[in-house]
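Visitor: Residue-level listing of the chains:
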Amino acid sequence: MSASSPGLGRRTWRRPPAIANPYLRYGLYAAVAAYFAWATGSLELSWARVAQGVPRAVAIFSRALPPDFSRRSLMVDGFVESIQIAIVATLIGVILSLLFGILAARNVVPRAVYLLGRAVIAVARSFHPIIVAIIFVKAVGFGPFAGVLTLIVYSIGFVGKLMAEAIEEIDPGQVEAVRATGGGFLKVLAYAVFPQVLPRQVGLSIYQLDSNLRASAVVGIVGAGGIGGTLMNSFRRFDYDFALAILIVMIVIILFSEAFSGRIRRSLT
Amino acid sequence: MILDIDNLSKRYGAGELVLKELDLHIEGSGITAIVGSSGAGKSTLLRCINRLVEPTSGSITLDGVELTALHGAELRNMRRSIGMIFQNFNLIDRLSVMENVLSGRLGFVTFFQAASRRYPQEDIDRAFRLLERVGLQDYVNKRADTLSGGQRQRVGVVRALMQEPKLLLADEPTASLDPKTSVQILELIGDISGELDLPVLLNIHNVSQARQFAQRIVGLRFGTIIFDGTAADLDSAALDRIYEGTAGTGDEDDWTPTSTSTSTTSTAGAATCGVEEDDSTLVEDRA
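As you go down the protein sequences, you meet chains E and V in turn.
End of the first sequence = 407 in our numbering, gap-free, step of one.
End of the second sequence = 304 in our numbering, gap-free, step of one.
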């Protein structure tokens, strides 16, 4: 062993830098610093405005306390609608995202179909649900239908993409074995692909239900139905105590759904 | 059963030829072992027969039917008459032993029968009989990934036999098993081949096992057959020819001792990758 042999000088070691070229390395550091300085300057971030904002926030909070749970029927209607939107959109969205996931998996479909499937998912992913909701509210009018459509698109974008990736990672040996028995495309899907991605599919669906519950409240703000609309109105009318009540219920629902979905996902292998 | 391979060539993408104008004639039953080093083209040869890999050129006929020209339903009907067992077993891990075994009938049942697991009674009877034959009757509802390697390969054999094949392809069926289990599996394949009068094409690494279990041995080297005879004919000179240049002499174009022993870099490495990447798709006729 050279380490134990006497007479050899002490050897030093340092982790090699991620970017070997020092000009490039320090140039990049300088560029990032310069951009940050320029960006903070041009966005007019100022401590003065933060200082002004704090008392305003305090005023809002003091008017929000104590939360007002008295308008129960309005709140219950809103939440029931939000949950309906989330569940219906998750069911439809998850089924569609399985379909688009297959169409967007390189190892399962011909290249032209794959590109089409990827394009659909990419478009579904490119806009935040709020923007999609605005478009659907314009297209189909105010109300929960626009919310359902929005969250279906949202689900396809997220679950579809991850399903496509899960399908691309399956063991090709099992596919080969089913093909060798004389099974056609659908039988290969049913026997070699689905069993391998099923746990992922269930886990993602539950996660998406969770996620849709949250998003269903948000899309209501632009008129796509549910509790979001009620929340927006209470802000507009300075009913901050009612708004706080809505927010508290929302947090409770999210916590419940998180605990529930976490438990189900843990029980899957 | 008459299998006639004539002038068969295969290249993956723009790579080297993995099979070079290969001719092979197999008739009757019994085990034919195909030996040769990694990258010699053994797996590609088997997969060209049931078209899991598309041959580049040449002809393969099974009982007079040209296999290389088949499409769609004809191709699937051909495949169901050829059973295959795999080095990594390729069982559907998350399904039960019985579902794996019944999947051997996928080529015979409708999609709805397959998806709802409502297989004909005679298939279920046959599955139980074969599982008893290999000693797995107590594992019917166990998930496939809970079995040991030897048990899994026995499920693989039963799945292939469910097809009532007229030819069995075995691609290194024992390479993932320990020596003792390997011998048990080879004995099982040998017994079944005898009982059912079933011809077997067996890719195998282990030359002494090939001698022990095969009636005929074919030596493959760089995609061509350079030996064809009985176990007795396979002397050390023949073995040297089969494995020469592949185990360390390094005199063959870009094959170097290091690259062959680690089986990376060289053209053979690229070709093996090609098997997995090119042909694992569900889409037929993409070659």
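Hints may contain errors.
[What the hints assert, rightly or not] Listed next, with one range per pair, are the computed distances between beta-carbon atoms:
| hint | chain 1 | residue 1 | chain 2 | residue 2 | range |
| --- | --- | --- | --- | --- | --- |
| 1 | V | T163 | E | H266 | 39 to 47 Å |
| 2 | V | E91 | E | A250 | 22 to 30 Å |
| 3 | V | Q154 | E | I402 | 47 to 55 Å |
| 4 | E | P248 | V | V82 | 24 to 32 Å |
| 5 | V | Q154 | E | E303 | 36 to 44 Å |
| 6 | E | A250 | V | V82 | 28 to 36 Å |
| 7 | V | S193 | E | F398 | 35 to 43 Å |
| 8 | V | V157 | E | F398 | 51 to 59 Å |
| 9 | V | E71 | E | N159 | 39 to 47 Å |
| 10 | V | V82 | E | E303 | 51 to 59 Å |
| 11 | E | I392 | V | T163 | 34 to 42 Å |
| 12 | V | A31 | E | Y173 | 38 to 46 Å |
These aren't lab readings, by the way, just hints derived from the structure by calculation.
Backbone N, C-alpha and C fix where the C-beta goes; we use that ideal spot for every residue, glycine too.
Visitor: So which of those numbered hints doesn't the model satisfy?
Guide: Failing hints, ascending: 3, 8 and 10.
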